[in-house]
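Enquirer: Line by line, the protein sequences are chains A and B.
Each position in the first sequence, counted from 1, maps to that position plus 18 in the working numbering.
Each position in the second sequence, counted from 1, maps to that position plus 673 in the working numbering.
Just so you know, these hints were derived from the structure itself, not from any lab.
Incorrect hints may have been included.
To be verified - Calculated from the model, a selection of chain A residues having no Cβ within reach of chain B, i.e. all distances over 10 angstroms:
1) LEU42
2) VAL49
3) LYS76
4) GLY125
5) SER205
6) GLY210
7) LYS288
8) LYS316
9) SER417
Said to hold, decoys possible - Covered stretches of chain B (in silico footprint by chain A; criterion: 3 or more residues with CB under 8 angstroms from a CB of chain A, positions within the stretch not fixed):
10) 831 to 837
11) 1271 to 1283
12) 1291 to 1298
Even for Gly, the Cβ is constructed at its ideal location relative to N, Cα and C.
The lines below spell out each chain.
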Amino acid sequence: MDVKFPVDELILIAPEIILCGFGLLLLLIEVFLKTKSKSFLGILTLVSAGSALVFVLKLSSFSTDLFFGLYSLDSLGSLTKGLILVMLILVVIMSLRYVEREEVISGEYYPLLLFSTLGMMIMVSSKNLLTIFVGLELMSLSIYILVGLFRDNLKAAEASLKYFLLGAFASAFLVYGIALLYGSTGSLDIKGYLEVIAKGDTSTVLIIGVALIAVGFAFKIALVPFHMWTPDVYEGAPTSITAFMAAGVKSAAFVTFLRVFYTAFLPLIKQWGDILWLLAVITMSYANLTALVQQNIKRMLAYSSIAHAGYILVAFVTGEKILSSSIIYYLVAYTFMNVGAFSCVILMGRKGEENLDIDSYAGLSARHPFVAFCLTIFLLSLTGVPPLAGFMAKFYVFSTAIKAGYVWLAIIGVLNSVVAAYYYLRVIMYMYFRDPVKEIGRIDLSPSYILVSLICIFFLIYTGILPRELMLLAEGAVSVFF
Amino acid sequence: MSEYIWLIPCFPAVGFLINGLLGKKLPKAVVSWVGCLSVFFSFVCSAVLFFELLRLAPEARIIEKDVFDWIVSGEFVTRVGFRIDPLSIVMCLVVSGVGFLIHVYSVGYMHDDPGYSRYFTYLNLFVFMMLILVTANNLLLMFVGWEGVGLCSYLLIGFWFEKDSASNAGKKAFIVNRIGDYGFLVGIFLLFVSLGTKGVWTLNFSELERNANLLSESLTALITLLFFIGATGKSAQIPLYVWLPDAMEGPTPVSALIHAATMVTAGVYMIARLNFLYSMAPEIMFIVALVGVLTAMFAASIGFAQYDIKRVLAYSTISQLGYMFVGVGVGAYAAGIFHLMTHAFFKALLFLGAGSVMHALAGELDMRKMGGLKKYLPTTHWTFLVACLAIAGIPGLSGFFSKDEILWKAFLFPHAGVLIYIIGLVTAGMTAFYMFRLLFNTFYGKERLDEEVKHHVHESPKVMTIPLIILAILSIVGGYVGIPHALGGGAHFEKFLEPVFRGVSQKADYHHSLVVEIGLMVLSVIVALIGIYVAYVYFLKKPDLSEKFVKKHEKLYKTVHNKYFVDEIYGFLFVDNLLRVGRFLKNVIDEAIIDGIVNGLGYFMRGLGGILRFLQSGYVQAYAFSMIVGAIVVVGYLLVKVIP
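Let the hints inform the model, and build the full structure from the sequences given.
Expert: Laid out in structure tokens, this is it:
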């Protein structure tokens, strides 16, 4: 067989090529860079992310399979890539100041961010499990390093190692699942599974494969009981990386999870629906209850992110293709409120002193009304208070469950968000109604943090009041399932 | 101009915003100018519109302008829209005209009050809401105005909220009004639903009028009764009148504007506005007229035994409102509105005169400590005298024409009309008596002033006396627009309002006899003069006679003086019991049971979280173990599910 490399398809993966090229370039430049300042690298990262975003937008109208079906371009992938790139830009803007403040010496910070983003983009735009696995590993390996980038920090090192060990463990499940699927069907393409399953040919091996793949994704999106790494890693990682993980990894993994299960395994919904139902309930309840007693704001946000994964799963288990747009909407809203919240957490800290305990936030409104206001918006959005995007997101997800007949699941979800209100509002209460208990020193109100906060606030209010545009985009994205 | 109807309420709204947002920083003069001019502009707009209406043919004098869609839900659309017709333009002129004079008066009266800008803010808000009420073209927007004026009334009664009595009076007014509003609101709902089930989802007045015939008789009766309950609240009729006398705790110009001239007449306006419904429910109209006339007499009798000059005026207001309800109740809508207008002139004048007296006497309200003020306060005296003559119904002054119009129409009313007429006539005599009792005790006879006060008794400044003079002129000539045919007049007022009450006005097919009409007029003049004479004898010629009378009938006197103990009865029947229920709900149901459950759940959840956190040991092998368990459960479950 004469296989010819399809050169003209390369232009269709221009965003990926740009990120990859810039990542390598930055590694090179870093070696020759004389100054200690890393801002130059940051600016270049912004440039690359921006131009990649432009290409993603330009290519967003295409829908085609590339490279013999190993890769593809479609509306779901484009929207997610756009989201991931915007998230990257926000994280890089925060990092401009954060990296300087924490005196990060290693120049790999920005290239690794680029590689990790590249991994996410590969993951979300492939229908081939092997490509997906490669993307996932590229993303994960870069993040393992990023988490431990502050080598002197014991917690960071511990977090990095834990994440690496458990991540490898989870990857083993995933790759084993892929192997079993390949063994039972002879295919790596998710459409191929659909054909086999549609024939009613469900062997035990195939079922075990599906289950193991579910476990692999459940680890990445941190569903209980595969979540144990989350609080430790979120707490230990540099806060900008925590934001990157909470928003990016979760979105990318969720979208891929959605694509694989809604394209290939939807006929088996009766089988996996129940177990995911159970996981959703356990995830929401466990995470929210545990978050109630957290004193560390990063750990609290970690549990909160687990809980949000549970909420999204509520829509996931319904198996309704059209209504799955609510998942996309939720992920977008979730990305902005999380990045925003973590930008405020960064604002509160100084070199070597992160001020993560809730006591540091007591009386904040009197001293830094602007910071308190921003964080309040993000926490209210996380709680799900109208007119912020977090409310619409929850509304869509729970109404999806109700429309699909999962009334009990929706009730459990709503009750859980009541519990969640306690720990979000508690922070607001500390900021506005408590007297300061300790001196946290001067806050560094750098424009890079403020810009990120303002962008996120604008987005949350805008899409909260006018959710229609985003909802139409999300509906367009999930049209790939038809 | 008709394109710009919305400007009428707009000006006071702008004034409200300017004074409300910036008032504390602006100099007093600016606040006064903004406050007064905004109302004046409304008055000018209303006047321009009025003359435009006059130029149109009578049938074309109903102009409706929708401004924007407010609530859109399926087939139902409610717009924010205004309606100018003879009825609403009369109301606009009265509200903005009298309102403007009272604003000007307030500049002098409130001059040294620390809450000066707050006062004008509320007052402008009130005028705005009142204009919304009278110009709205649908019930929902009218209700907005209705509630809005209620709110302003509450705010202004309790203006000096540091005084317990003032803040309590505010609360009382608000709560009593809520009872009426409840009736009004339920009436709106019922009307809306019962027309809606017939396929007409609307609250617009002209559409309601067109479709009113779809309603059944019993439903119309119920709806109009509910609306009337609303009217008894706002317009202080039996049984909900109790708040108005207490409302005198507010600044006196407020009493003049809100609790005499404008807001309290909203109920009368509402019934006139919905005349097409009331005309379909004759039993309810009879109830309206009966309640009106009974209130008129009852309140007048309480007025006999009050010493607080503002309270006398308050009961007089309740009594005069009763007359207006008689008017609209017997189907003489134009007469009711006519009396509403003339009453606005002379009652505002009386209150402002009382305010002028208080101003001169450093806030004294007790007429037993007055007397002989005529020589100190000449302008106040003569304007007050004019108002008293007008309210007593002396021919030539406005009150005579409007009151007689009502009594005459009541006499013609087929259902117990004569009875209503007789009660009304007696009340007219009583009115003359208690008003002149007030006049004589205040301005004539022996001086009973405190020595201290006597030194600085002074006539009020120009800014206060000029509004008095203008109102006095209006109290005299205001009636000439409605001189009845019997006296050779043209009854212009009635004719002007005709398009609104088209087809529902009382038909003059009773034995309309000129002799009877004039005879009745003479009778009522005689009754009024008797009232004045008795007052003259008892309080001026032989003051000891009244004291003897009081001593002789002490029990009766005490009962009347204490307002027949109605407040105490209401307190015993309703307030105490409600408070008891409320305390039970708060202490037992809410704090013990509900809070207990909620707090208990909260502690339970936190405790649960406290236990769960121990699962997070920090050991990586434990984490891996949990993953393994999870994986086994997932795989195992799926296998069980698939393999039978």
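Enquirer: Was A/LYS76 rightly flagged as not at the interface, with every chain B Cβ beyond 10 angstroms?
Expert: Since the minimum Cβ distance to chain B is about 40 angstroms, A/LYS76 lies beyond 10 angstroms and the statement holds.
Enquirer: Does the claim that A/SER205 lies outside the interface with chain B hold up, using a Cβ gap greater than 10 angstroms?
Expert: holds, 20 angstroms
Enquirer: Check, residue by residue, whether the stretch 1291 to 1298 of chain B contains three or more positions whose beta-carbon lies closer than 8 angstroms to a beta-carbon of chain A, and give the verdict.
Expert: holds (count 5)
Enquirer: Decide, holds or violated, for the assertion that all CB atoms of chain B are farther than 10 angstroms from the CB of A/VAL49.
Expert: holds, 35 angstroms
Enquirer: According to a criterion of three or more residues whose C-beta lies within less than 8 angstroms of a C-beta of chain A, is the stretch 831 to 837 of chain B covered?
Expert: violated (count 0)
Enquirer: A/LEU42 clear of chain B by more than 10 angstroms, beta carbon to beta carbon?
Expert: Its Cβ never comes within 10 angstroms of chain B, the nearest being 33 angstroms, so this holds.
Enquirer: Verify that the Cβ of A/LYS316 lies farther than 10 angstroms from every Cβ atom of chain B, and report whether the claim holds or is violated.
Expert: Holds, because the least Cβ-Cβ distance between A/LYS316 and chain B comes to about 14 angstroms, which exceeds 10 angstroms.
Enquirer: Examine the stretch 1271 to 1283 of chain B for residues whose CB is less than 8 angstroms from any CB of chain A, and state whether their number is three or more.
Expert: holds (count 6)
Enquirer: Non-interface claim for A/SER417: all C-beta distances to chain B beyond 10 angstroms?
Expert: The claim holds: A/SER417 sits with its nearest Cβ about 20 angstroms from chain B, beyond 10 angstroms.
Enquirer: Does A/GLY210 clear chain B by more than 10 angstroms, comparing its Cβ with all Cβ atoms of that chain?
Expert: holds, 20 angstroms
Enquirer: Is it the case that A/GLY125 keeps its Cβ farther than 10 angstroms from each residue Cβ in chain B?
Expert: Since the minimum Cβ distance to chain B is about 30 angstroms, A/GLY125 lies beyond 10 angstroms and the statement holds.
Enquirer: Verify this label for me: A/LYS288 is non-interface relative to chain B, using a Cβ-Cβ cutoff of 10 angstroms.
Expert: The claim breaks: A/LYS288 does not keep its Cβ more than 10 angstroms from every Cβ of chain B (closest is about 8 angstroms).
Hint check: violations occur at hints 7 and 10; the rest are consistent with the structure.
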